[in-house]
Structures are given as structure tokens and as C-alpha cells.
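Go ahead and model the full structure; you've got the sequences and the hints to work with.
Protein chains in written order, with UniProt numbering: chain A, 1 to 335; chain B, 1 to 335; chain C, 1 to 335; chain D, 1 to 335; chain E, 1 to 335; chain F, 1 to 335.
Note that these hints are calculated values from the structure, not bench results. It cannot be assumed that every hint is accurate.
Once the Cα atoms are required to be at most 30 Å apart in a straight line, the calculated DSS-like pairs of lysine-lysine come out as [to be verified]: (1) E:K67 to A:K171; (2) A:K67 to E:K171; (3) F:K237 to F:K3.
Just some of the chain B residues that point at chain D, by a computed CB distance under 8 Å [what the hints assert, rightly or not]: (4) L22; (5) Q29; (6) A30; (7) N59; (8) R85.
We put the CB at the ideal spot given by N, CA and C, even for glycine.
6 protein chains.
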Amino acid sequence: MGKVVTLGEIMLRFSTQTGHRLTQSEQLQAHYGGAEANVGISLANFGHEVVFASKVPDNGLGEAVRKHLQRYRVNTDFLLTGGNRLGTYYLETGIGERAAAVIYDRTGSSFAEMDTLEWDLSELFHEVDLFHLSGITPALSPKWQTLTLDLVKQARKAGCKISFDVNYRGKLWSQAQAGHFLKQILSYVDYCSAGILDAVHLLGITATPTADENSTAFYYQCMKQVFPTIEVFYSTKRIVHSASANDLTGTLWIAGQYYESELHELDPIIDRVGGGDAFSGGVLHGLLEKMEPQAIIDFATAAAALKHTVHGDCNQFTQAEVEQFLAAGSGKINR
Amino acid sequence: MGKVVTLGEIMLRFSTQTGHRLTQSEQLQAHYGGAEANVGISLANFGHEVVFASKVPDNGLGEAVRKHLQRYRVNTDFLLTGGNRLGTYYLETGIGERAAAVIYDRTGSSFAEMDTLEWDLSELFHEVDLFHLSGITPALSPKWQTLTLDLVKQARKAGCKISFDVNYRGKLWSQAQAGHFLKQILSYVDYCSAGILDAVHLLGITATPTADENSTAFYYQCMKQVFPTIEVFYSTKRIVHSASANDLTGTLWIAGQYYESELHELDPIIDRVGGGDAFSGGVLHGLLEKMEPQAIIDFATAAAALKHTVHGDCNQFTQAEVEQFLAAGSGKINR
Amino acid sequence: MGKVVTLGEIMLRFSTQTGHRLTQSEQLQAHYGGAEANVGISLANFGHEVVFASKVPDNGLGEAVRKHLQRYRVNTDFLLTGGNRLGTYYLETGIGERAAAVIYDRTGSSFAEMDTLEWDLSELFHEVDLFHLSGITPALSPKWQTLTLDLVKQARKAGCKISFDVNYRGKLWSQAQAGHFLKQILSYVDYCSAGILDAVHLLGITATPTADENSTAFYYQCMKQVFPTIEVFYSTKRIVHSASANDLTGTLWIAGQYYESELHELDPIIDRVGGGDAFSGGVLHGLLEKMEPQAIIDFATAAAALKHTVHGDCNQFTQAEVEQFLAAGSGKINR
Amino acid sequence: MGKVVTLGEIMLRFSTQTGHRLTQSEQLQAHYGGAEANVGISLANFGHEVVFASKVPDNGLGEAVRKHLQRYRVNTDFLLTGGNRLGTYYLETGIGERAAAVIYDRTGSSFAEMDTLEWDLSELFHEVDLFHLSGITPALSPKWQTLTLDLVKQARKAGCKISFDVNYRGKLWSQAQAGHFLKQILSYVDYCSAGILDAVHLLGITATPTADENSTAFYYQCMKQVFPTIEVFYSTKRIVHSASANDLTGTLWIAGQYYESELHELDPIIDRVGGGDAFSGGVLHGLLEKMEPQAIIDFATAAAALKHTVHGDCNQFTQAEVEQFLAAGSGKINR
Amino acid sequence: MGKVVTLGEIMLRFSTQTGHRLTQSEQLQAHYGGAEANVGISLANFGHEVVFASKVPDNGLGEAVRKHLQRYRVNTDFLLTGGNRLGTYYLETGIGERAAAVIYDRTGSSFAEMDTLEWDLSELFHEVDLFHLSGITPALSPKWQTLTLDLVKQARKAGCKISFDVNYRGKLWSQAQAGHFLKQILSYVDYCSAGILDAVHLLGITATPTADENSTAFYYQCMKQVFPTIEVFYSTKRIVHSASANDLTGTLWIAGQYYESELHELDPIIDRVGGGDAFSGGVLHGLLEKMEPQAIIDFATAAAALKHTVHGDCNQFTQAEVEQFLAAGSGKINR
Amino acid sequence: MGKVVTLGEIMLRFSTQTGHRLTQSEQLQAHYGGAEANVGISLANFGHEVVFASKVPDNGLGEAVRKHLQRYRVNTDFLLTGGNRLGTYYLETGIGERAAAVIYDRTGSSFAEMDTLEWDLSELFHEVDLFHLSGITPALSPKWQTLTLDLVKQARKAGCKISFDVNYRGKLWSQAQAGHFLKQILSYVDYCSAGILDAVHLLGITATPTADENSTAFYYQCMKQVFPTIEVFYSTKRIVHSASANDLTGTLWIAGQYYESELHELDPIIDRVGGGDAFSGGVLHGLLEKMEPQAIIDFATAAAALKHTVHGDCNQFTQAEVEQFLAAGSGKINR
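Pasting the structure below:
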């Protein structure tokens, strides 16, 4: 098993109960999560030694974040305390034809307001195999774009593999801003989660696949040509029948070859938030464990499918449980 | 935006939680609603000035009704207090193959027991664009049949458009009784919600469409011939796959033309009660706003579809939210 | 209506709420049930006089079991108290692709530890039409295999029809052990619930149907040849699309003829536990009432389908409600 | 143990959760109860054979009543079905200084509307030791006053002891009406629950105790002189500090002697409804078991005190549990 | 009845359930409230025409605020939408010896960030009898100190009585800052809620009462001398036995006379938040209705006591209910 | 801060909700806890490095235990997996006069069934300052008595201080058995939690204090004479007014001096389970930190008092929070 650092913002999510609008909700479900924290928890569940680095306020909410992470045996020695607030957001849970709706209230959070790298980086990256971060962090502020680049360079220097999830959020920055930044950072990246839309709208890939090419494979190939350091591309393809029923397929590009998982019919979906992070966690686990590519993408997609069956941002299944799920097929009681 | 009066009974609904029978329920959900109140709330949500006229007992339940309506900015100046009780009913929520089951306990309610029109009608209908009521009210008692006709005549005299939803309830009166009454009232009606079954079983339309005619359009046309004052017919077609999954299409007949919405796949259904009222609210909004017929039926059916995704009798979506839903398609998170 | 005795273990089931893993659950739903108790409750709901014989500890949990049975008018005069504990198990509820998971904690229960038949059997079987038990009981211990045979012989001697549900549980005994025992007991049985897998893996039927034979009918026929006392075979065929969606068909073999119900699409499933017992209850009701075979299998499968729509182990529908469900088709509100 | 019949109305109570007003409650707790049913359940819990006679509608609510009673092993063979509705009431739960508030909605219930005694009385009273009823029943209608007298006379003729709880409800009839009726019925009564207020305001006792007399004992003595058939008087004295804290003392007059229990400090009170019925159940148990008077009043008051610690109308404690509570004193964990 | 404007910030409060720490809470109760909104709702409940002026974001939380106010018939025509966020805070509910704990997250709210008076003040104050605001508003920013003074001057010019609740919050500004501001504003105030601590620590009253003077009356008198425009002073005295049990007494100074209510024993307390606002609402109602001073302080303190018995920030009792509570004394069921 | 090992059984507790009996509970609260685990969590919350050693089954319940401990940063490297089951017990929560009731179902647990010390003791006790265990462990089996003595001897040899909480459980062993064992182990103990009843009934102290001696101090002195290695005695005195209201005082004997805390009025009590463990945690923290004796007992009793205000077995307050509570007094909101 490997040693991993993930770094990013972690927030408090308030969700409505299914079938209730936010305006009528007298109680809200509280979950803590963030893309990088979620990946970290997945990897800890799969047996890796994981450090999550972030910053939270020095109050009960910051303490709740810490306890949430510790519960899954994620190391919180680099979870700084200070600053003004924990970022929050409100999720009006979708159902059937009605999509979920999000209200962000994350401005001014302890993490977003950081303007220096307050961690001891030599300690943070000491003997670390993999450093994972996402495009949400540089989207928080111009300052964080600089800091993110610094982090990646330092991690690389310390010998870590760099894993980066593009994770574009249109509410935080424009496609032009994101594209500009991505072109800088992707030269330092080893494993990259990005999809067709990212290739076209952020990275400016203008070539198009022929009718009989696999589109995803095509764009992975194009991105590889622009960013030759990247060894692995991966992302999911999701067909959204409704907020309650999606089809999910995982895709992976490694060493010039393209792999796809079987399609998972997610119906009904309990909680979609964190599904992509569970997938990333699965892929990174496979890479750390040097699994076969097909096994990696099968495992990762199964992990993502399982995430959709539980409330909360983080995947709660061990390596053994994911493998048993893959082996068993769908829906039978074992008794 | 227009000024609207809706008038009818409003009741307390007790619903079981999904998967529980009434006999085993230790707690019940309490919702307030009635066909005309629900239409009123929809129209208020869409920005119209709405008065709901009714009568409730002078106790905490009557007060709860008042607060429920006020919450949506429905004017309650014509919500009288007095009489003996608030009508109630029990809904054992359906699921999958098992249909919902209803126990009515509405006899003797403050509204049903009214035997004069206790409102100042000249004040009630002052500068009102639209008066909406339904066939549930005359079904309550012979007295209410007389009063309903009086109301409609007075409203018409005051210059209101008359909107009438047939809303046949077999537990309240026979088809013969309903048919007899409908034939009287429909001569005063401008906008009428009625379906094929109403045409055949209540209004005695015996003609039948040819194989290549649209049945709904055919019956609208037949009813138009009998009741020439009616300018608009509308209703929904519902295919019931199960209590949890229905397909819904809206139909509209206006100025000799027939319009249909796209089909909405409602799956899963959170709460079906009030779905038809949300549809009526949408149609009436479109008529008040003089929208194009196709836009009206699309809007109204979208509103009805959204209603099925929330608990409670009333639609809780603004005009902007319905339009955004129409534009966005199904089930994606916006973040 | 008949007089029936069912006998077996009854346990406390702890279930998670949908979408929660056991490890994260701060509250668990408590249901009492067992295959034979569930069948007993179904038969009591259908109007039969039912005695449930078992043994529970002399504490609040034993008392809860008693009250649970009494609620459905099941006679508890033969529910002994004593011994050490009530058996329990934990059900992590499945959803979509993720199957339910069970942790048994039933060792050492008051019932399992019995080593003599502590009931007065002449009183227990006095004027009883039907004695029902299942293969779970002999699986509890070698002692219980002996006791089960004794019970069946005595019941038969007292003039009861013997109903036996194979109900193989791989966590309790091996296929070889079960097969050995079954071969002894099935010579005393009149009505037997067993499926293809039981025939092949437990009873060692090695013949195989031809391509155009109905497999289920074929194996019923084979078992009939081995165990000629058995008059009736029945079981369900279940296609598991996911933990939330199954297709269910009932099958019945009686007097040399094979019958099948229509297929029920169970979607969504609220609680699958006890679905088979509801089916058995329906079949036994039909046999006691001497209904036509096709009516029996239709009724029983409808009862099983309804069970899947309610929480808890036991079916909660009366004969009239099952019949109305059969007549009404799927999912419409009656109002 | 004895055989007991209790007879009266049973209703559905909707209670708010503590700290919520009725107007703001989105869910309500559902409990079934009535004075005579509650006494019956207490006596069944104490080991007696109890029949509860009443009438409920033939729907899910009537069935819920039946199951509620059966749960406690109360015989429901004389629970008739028919009529229009189950009476209901709404209880806004009190807390601290704020008293509970009640809205009755019981008019027109299946029981209240009865106008003949639909039970086979010779069967109902066959070998019955004790017939218990209350002043709520004759308060329902003039017809029920006649029927109540008939019942008591027939029961007496059949050899039952008659137990009557005055239970005056000012919302159902006036003091004058009640007094007039009581003077008729009390000549047929053996055991009577009545307090000082009943003596003064309903029975017109004008004598007053001297300063050093026990008031309760004084009025019992006065009532005995007017109604010489009554062997036993009993009632509770309650000091209401707040809705959450009461002091309770039981009083008993038997064979010319007056007895009092120790004072119970009820703090906090979970649910006060049914406290008096639990007390009556305790007294009647003591009388049936021919316990010593002091033991009777201690037992009955302990039973009443325990009732205040559980939700719902009915006492849920066995004879052994009440006795253990009496022996143990207050509030220690046994482990 | 009068016409009243209240103006201030309204926030979303997240409360834990009793007995749960914030760090362990998986769901939080959501209540909307603010000192001035709460006073407004109380006055609306007492029958006055109330406008609440504030600013909330244009999202579902802002809409929830609007619906919350409308429910109580508070006019929201001056509830502006815009800005970045709704202020929130977290309340870890206290119990027994453990006090409640608060985490504020209100910086940057739509209201706090206002830097001009965006309302049409001539319209806002048109024919208004009373304008109520509190010391929380100027504490939000230096800008708001200026705006607050402007508001008060304009309101006074428009002929409104000015009501000001000092409501000092040490987490928002220092005593010196508050004192400096108060000395400016109190010259424009007619009715002032302030207590001994305010007089001593904010207004710099250095005189001290003699041993036989009533301290509260003494300080009211001192403040009157400094701010001669103030006609009425009022505040509560609270003895905190624990978070669950307080004693509350209301005090009032008017026309040179001092009045006190009886002491209310609040035990247990359901929710203390908004207790002071309910008191202010009661006093202002009494002043608007020109009640006798003793009646005013009795009514206001009763209203405050009742507030402590319900969840949420706002008092939910009508004038009639408060009066009935005053008349009835403590804790008896009315049935 | 110190390094601490605690060792013992950890169980799953099922609690009823307040005001519900076990027999009527449809859901139960699940908490994990055990005396030694609870002490460990307290010490971890106070900043110490804590290892909890135990054994749990290799299933979801064992995993839930692990996550529960990790959440509080308790090291679970010595939490073995294996064996048959997790011990459970049922707590019917007490209220007012009604005491809590417990049903144990702990026989055959993975921990209780251990018959060798499966941990590497040299690793377990490496550089550990304090080893804490309780009298519950040796009460589980004769085998465990031997193992407990072995553990203590080895720990002592490794240089740990030994802390032992007598924690007598009459349902597990007799006073004679306990006394016999205690006399062996107490010669190896440094810090001992034992009270008067332990001294008299288990250790056979027959001397009695004079009227003007402090009884607790007297018995501590007596025990010191018998077990001279013990440096510190401590326990709480609890006056049980009711299940909802207790008075609690902490007592401490150290270096020949006796200390008492102030009395804490615990009213209402949310959850009493673990109160004693929170106290032990506080004392051991004080000893590890070499606080002054009076400060130790004040801190420990405050910690115990706080525990009674939260659900669950374990104290959830940091050192800073306990100190702030001590400083602040009772029940005021800080805002």
C-alpha cells in the first residue's frame, strides 16, 4: 500500500431530504466533504496511508471536519486551524425529472483565504508516493493558482507522482481562466482526470474524431500529445436519464491503450455527490497497486457505483467490499 | 399579472410514510390542501394576486390553514372562520404495484355545512380577472349545487372569466347527479378542465372518434358543441405504470386547435396529490398571461411534473423555476 | 376457515435505513420475524385461527415478540418463555446495484438451545388442520433435526396436514446435511415449498428437462416421484434486476398439474424480507379454503407482491385487500 | 384473575411533538385510546381476561384500533364495525407553564351514533366479574344515557360488579345534565371513581368538612350516604406545578376506611393522558385480587405514576413491573 | 391596531437537537430569525399591520425568509433581494448545567453589506405608528451606524414613534463603540429596551442605588435624566438556574413609575432564542393599544414566557392566547 | 501529555427513545461503548496518546467499533478482529421516577471468549505511562481473571502505572468472587476507583467511621492500609432524586489527603451511561498532567457532569471545554 497526500478545501454540505424543497425544509442533513478529501477517504478505505492537508476554522465545525476524517483513518496532522469560516453549500436534492440545485456559500473560507503555503512542505511530502489535487483549488483565487503551481512543483521535486482532477466548476472561474491555468499545470502532472468537454472547452483541442473512433479515446490521445508527461487519463461517461437514474461507464487511457468498464445502471441514486471522487479513488488505488488496466477501470467504476448507494460525500467501502460487489453482480441478499 | 379568486374546501390530509400501512403508523404527515386552494397557490407562486375563499373552524387547525395559505402570499381575507370542524382525510401512500388508499372523513366540515354565501360577493369579485372553482364543491350537498350556480352567475356578472375543473369524485355523488349539475353550470364557464371520461360518463357524449382521430381532441370538440361559451378545454393524460411511475402528457384545446405537451416520465413519484391542480394552475397562468397555446401546455405540464417531485398538495415552483426546468431537461446538477 | 399451527424461531431484525451503511447507522429499525411466524401472521390476517409455537427469553424482547404476534391475533399460548436470549440479525438494506448484507447473531437463542419438545403436543395439535414448519429449524442443531422429525410425526398422527418450506440457509448447514435430513422428513409432508435449486443441490435430482419443458414443472414432477406423499409443490421464480427491482412469478403444482401466476414487477421494493413467507401464507390459505389452483397461485403471488411494499417481515393485508389488489391492477388512487 | 368487560368510545389522538404548536406541526403522533379501553388494557397487562366492547368504522382506522387492543391481549370480539367515522382529537402537548390544549373532533363517530345496544348482552356479560364504564359514554347523547342505564342494569342482573368512573367532561354536557344522570346510575354502582369536585358540583353535596377533617374522606363519606350501594370510592389528588411537573396522591375509601398512597413527584411528565385510567386499572386489579386496601392504593398510584413516563394513552406495565417499581424507589439503573 | 415597521438583519439559525454536540450532529434544525423580525412577527400575531424591512440574497434561502415572514402575515414588500449571502449561525443547544454555544457565520451578508438605504423611506414610513430597530444593526459596520441614525431621523420626521432595543452583542463591537453610538441615537428614541448592564457598561452611568432602592428602577431613572425624550424603558430580569430552568420577571418604567410582572418559572426551557424579542413585542403591543402599565408588563412577560415553550425564534401566540395563559395559570389541560 | 493504554470489552448499546418502552420501540439508538474505551476516548479528547486494546468480530459491527474509536483519535492498532460476535445490551431509558432497565446480551462475545492474551504485550506496553482497566474484564470468565492478572503484572514490569476501576457488576459475578479477585489484583494497582460499597461488600472492610468522620475518606484510608501500593483513590457520590435528576460530587484521596468537588445538580440528565468513565478519564488526566489535587477533582467532576448532557457513552469535551465550563458556571449563552 502507498502513502498519499491529498490537499484541497473541505466544506459543510446541507442537503434537503428527498421530496422537500429548501424553502420548506425545517431540518437539513449535514455532511462534510470536498473532492480531495473524498478521494483521500476512499484511498484510506482501500488500505493506503493518507494525509489530508487543508485549513478549517478553530471551532466546532472545524473539529467536526477533523473527526469526520479521522473516522476513516485519514491523518489530520496537516489540517490547519484558523481563519474565519468553513465554506458551506446547500443542496436541494433532485428526484426524477427535477435536478438537484446548489447554492454555494463558500466565499471567505479559511482555506480560500490562505495566501501562503502554511504547511511544512518537506514534511508534508516526505516519502509520499502520490500527491492528489484538483482544479477546484486554483479556481478559488488568483493567489491559489500560484500556490497550486508551487505545491505541484515542490511535490514533484520531492519525488511524488502528481495526480490532478480537472474538476471544472463554472461558478468559480471562466473557461478561459481555467484553460490558461491548466496549460501551465498539466506539464507537471502524471495522472489526469479530464473528459471530452475539458479537452474541447478548456484545453482548446479542435481536432474531432472520425465517426468510427471512440471519442473519449480520441481526446485522451490529443491531450497526451499536448501534455506528454501525463501517463494516465481517466474519467466517467454518465448518461443522465433523470436525477434518480443514471448510467455510468468508466474510461481509462494508459500506455497508449484505452479501456472501458461495463456500464452500471444506477437506479435509484441515493446521493450522487462524491461519485466522481470515488471513481478517482478507485483509479489511483489501482495505479498504486499496479493492477492491470482493465482491473483498474472495473474496480474504479464499481467503487463509483457503490458511492451512489450511500448518503454523504465519501465512499464507505473497503477494497474487499468493492471486489465482492464486482464479483457478485446486482442486488441479491447473501444469507 | 392578473387578479384571481379561487373558492372551495380545504382539508387536512394525513399521509403515511412510504412503506407503512395506516394501521401500523405511529406518526402521520399533516398537509393542508384542496383543489382550488392548490390552484390558488400555484397562481400566487407565478406572480398573480390571489384570493382564496373558504370557511374553516375557529381553532388551531383553521389557523394552520390560514398560515399555510399566507406563506405563499395567498390573500385570506375571505377565509371565514366558524362551523364545526375541518374536513380531513387519510392517505395510505402507494408504492410500486400497490396503489394509494384514501379514507375520507370530511362530512360536517365548516365549509360543507355552509348554507348561504357568507362572503360579500361584490367585494370578493371586485376587479377580479378570473374566478376558479371545481366540481368538488357542488358535490358536497344539494345546497352547495345551488350556491355554486349563484357564485358563478354573480362572478360572471362582475366581469370575471369563469374557470371550472370538473374533478369528478365518485365517493361524493353519482355520475347522474354530477352530469345533471354540469349541464347547468357549463353554460357559464369560459375555461373548463374535463377529460374523455367526463365527456362520456357525465356529459353523455355518445359520438366516438374514428381510428385516426385524436380521441381527446375529438371529445373537446364535442363538448364545445354542447357548451359553446367554453373557450378552452384542458386536461392531462396519465399512463399509470405503477404508483411510483406514471407518464404524463398535457392536452389543450383553444380556438378550435388542439395542443399537446411532450410526455413526462414521472419516476419516482414523491406525491401525486395536487398534480392536476398544478396543471390547472399552469394553464390558467398561461391564459392570464396570454401565452402562445403551445407554450401554455408545455408550461402547465412541466408545472404538473414538478409537483410530483415534492411532498404536499401544492406546487412550490415559481414561473422562473418552471421555465428553467423546461429549458434544462432532466436531472442534471447545476454547479 | 382453518386452524393452523406454525412453529419455529422468531428473531429481532435490525435494519439500516435505506442509503446508510451499518457502520454509520446511529439508529436501527427493529422488526420481529421468522419464516414460520410470518406465515402464521399471514394466515391470521386471512381469517384463520393460528397458533405460533416457539420459545423466547423472559425479558422485554420476549414480551415484544408476544405483543407483535398478538397484534395480528396470532395465539401465543404456546410461546414459551425461558432460555438465554433472543436471536438477532443485522440487515444492511440494499439499494439499486448494491445487495443487502446480513450479519447473523443468532447462536445460543432460547429456541435454538431447546433440547426437548417442551410443549404439550396433544394439546398443541388438538383439532389442528395444518402444521407448518420450515427447514430453518432442523438447521439449528442436530438435536433440532431429531425434534423436527418427532414433531412432524406427532402432528401427522394427530391428523394435521404437514406443510414444509425447505428454506435452505447455507450459513446454517451444508447442502449435504440438509439433503440428508430432507430425505427423511419429506416422506411425512403434504405440502412442500421447494424450488429447482433445492431439487438439484439438496435432493440430488440429476434428470434435466428438455428444452421445451417448463423447468419448474419438470423438477416438481421429479420430486413427486421421490416423495409420493407430497400433494402440492410451490415456489416463486424471482428475476433480480437490482436490489430495488425484481420480477416475481408464483408457481404451483397440484394433482399433476402445473400453474403459474402472472409476473409482478416489484419496483421499487420497500422490504424483501418475508416475501417468500407471504407467498407461502397465500398458498396455504388457498389450500385451506379449497380454492381453484389458478386462483391459489394468483392470490399467493399477489400477497407476496404486496409484502414487498411494506416495511417489516410480515404481510399486513387481509384476504379482501389481496383480492381487491388482484382485481384493481397497478397503482391507481381510489377516491 | 378475573374476567372483565369495559365499554366505551375509543378515539384517535393526534399529538404534537413537545415544543411544537399545532399550527406549525408537519407531523403528528397517532395514538388510540379511550378511558374504558385504557382501563381494559391495564387490567389485561395485570393478567385479567378483558373484553373491550365498542364500535369503530369498517376501515383502516377501525382496524388499527383492533390491532392496538389485541396487542395487549384485550379481546375484541365485541368490537363492532360500522358507522361513519372514528372520533379524533388533537392534543397540543403542554410543557412547563404552558398547558396542553385540546381540539375535539369526535361528533358523529360510529360509537356516539349508536342508538341501540348492538351487542348480545347475555353473551357479553357471561361469567363476567366486573363491568367498567365511565361518564363519558352517557355524555355523548341523550340516547346514550338511556343505553348506559340499560347496560348497567343488565350487567348487574347478570351478576357483574359495576365499576363507574364519573370522568366529567365539561365540553360534552353541563354539570346539571351530568348530575341528573349520575343520580340515576349511581344506585347501580359498586365501585365509583369520583372526587371532591364531582361531589360538590355534580352530586350537589353541600355539607363541608371541618378544618381538621380530610376533605376527600369527608366527601366520600357524604356520597356513601346518598348512594349506599357503592362499596368503594377512589380518585387521585393532583397538584399541578406545571404541565411538566405534577404531584400525585391516590385516595381510596373502602368499608368505611380511608387510605392514601405516598405522594409521587411526576417530573418530567412524558404524557399525562390516560394517567387516571391507569389509576383506575390499578384499583380494580386490587379489588379483583382482593388485595389489602393500603396495598391497592399503593399499587394503583404507582401504576398511574408509571403511565406518566410513557407516550400513549395506555399503561404498559405488568403487575410484576409495578410491584418492582414500588419496591425499588426512584430512578436507579439495575445492572 | 397600529401600523409598525421593524428593520434589521434576519439570519438562518442551525440548531442541534438537545443532547447532541455540533460535532456529532448529522442533521440540524433550520430556523429563520432576527431580533427585529421576531418583534415584527409578535406584533403581527397580536393583530397589528407589520412591515419588515431587510435585505436577503436572491436564492432559495432568501425565499425561505420571505415565506417565513408571510406565514405570520408580515408584509415583505420592503424585503429587498440581492447581495451575496444570508447570514447564518450555529447554536449548540444547552441543557442543564451546560450552556448553549454559538458560532456566528454572518460576515458578508446581504444586509450587513448594504451601504445605502435602498428603500424608498417616504413610502416605508408612510402612516406608520411605530418604527422598531435594535443595536445589532449599527454593530454590523461603521456604515450601518450612519445609516441607522439616518433611518431614525427620517422615521421621526415622518411622525413615527421610535422604539430601540439596545441588544448589545459583544462579538460585534466593543462597549466603547456601542456606548459612543448609543449616546447619539438615544436622543431620537421614544421607547427603549435597556437593562442595568447597559446603563453601567455602555452609557457610563456611575451613580449607584441605595440598598433599599429597586436597582432596575434606579437605572431607568438615571437613563431618563440623560435621555429625556425616552418615555418608556423596559427589560427583563433573568435568573439562570441552568440552561433548562430560568426565572423571568419583566420590568417597565413609564411616566415616572416602575412596574414589575410576576416571576415566571421557565422549566424546562424548549428554546430561549427570541425570548427577549417576544417580550419587546408584548410591550410594544401594550403601548400601541394604550393598555395600563401593569397590564402591559404582565402581558409582555407572559408572551416572553410562552416563547420559551416553542422551538424557533418567533413567538407563535395570539393576543387572545397570551391573555388566556395569563388568566389560566400554569399547566392544566382544558378538556 | 502522556501515553495511555486502556483494555476491555466494547459493546453495542441499543437505547430506546425517552418515553418509549422497549416492547413498543420500532427503532433503537445504537451507541458503541465500554468502560475502558470510554476512559480512553476521554483521555484522547484531553490530548493524550491513547491505545485501546480489545477484540471485535470481523464484520460491520466490529468495523463500526473501530471507526467510533478512530473518530476520537484513539489508536486501534491493538483492536483485534475475530471471534463470534459483538456483545450487545438493551437500555430502556429511564425518566422521572422510572429507572432505566437493562437487558444484557453479551455472552459469547469475541472479547469474552478470548483465552490467551493475543496482543504482543511488549509492543502494547512500550513506553506507556498508564495502563487502565476495570473489574468488568475479570468478571467475564475465570480465564479472564488469570489473564487480567497477567496483564497487570506485565504492564507493571514494563513500567506502566496501573489504574483500576472496580466497577462491580452484580449480573456478572458474585460479591465473593469479585472480592477474592480484587484482593489479588489490588496489590499491583497505583490508582484505584472504588467506593464505600466496594470497601464494605467486596473488600470486607468491617471498620466503621465515627459520626463526625467523612465516610468516604474513612474507607479510602482503610483500603490504603490493606493495599499500600495504591497511591490514589477516587469515586463519585451520587444522590439519585430521579432518573432525570441526580446530584454528583467527586471525591479523591491522594497522599493521605481527601478532596471533594462542588456538587453538580444534573437536571435533566440526557444519558447517564459513561458518566463514571468520564470521571475516571478526568482524574487520570489530572494525574498524568500532575495537576493539584483540588484541580483534579474539580476537573474530573465537571467532565462527568458534562457527559450527562450528551447522548452516547463517551465524553465529547476537550480539556479547554471542561475548563471553560468550570469557569463559566451554569447555563448562560455566550453570544
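Hints versus structure:
no., hint, verdict
1, E:K67 to A:K171, "holds, 27 Å"
2, A:K67 to E:K171, "holds, 27 Å"
3, F:K237 to F:K3, "holds, 29 Å"
4, L22, "holds, 4 Å"
5, Q29, "holds, 5 Å"
6, A30, "holds, 6 Å"
7, N59, "holds, 5 Å"
8, R85, "holds, 5 Å"
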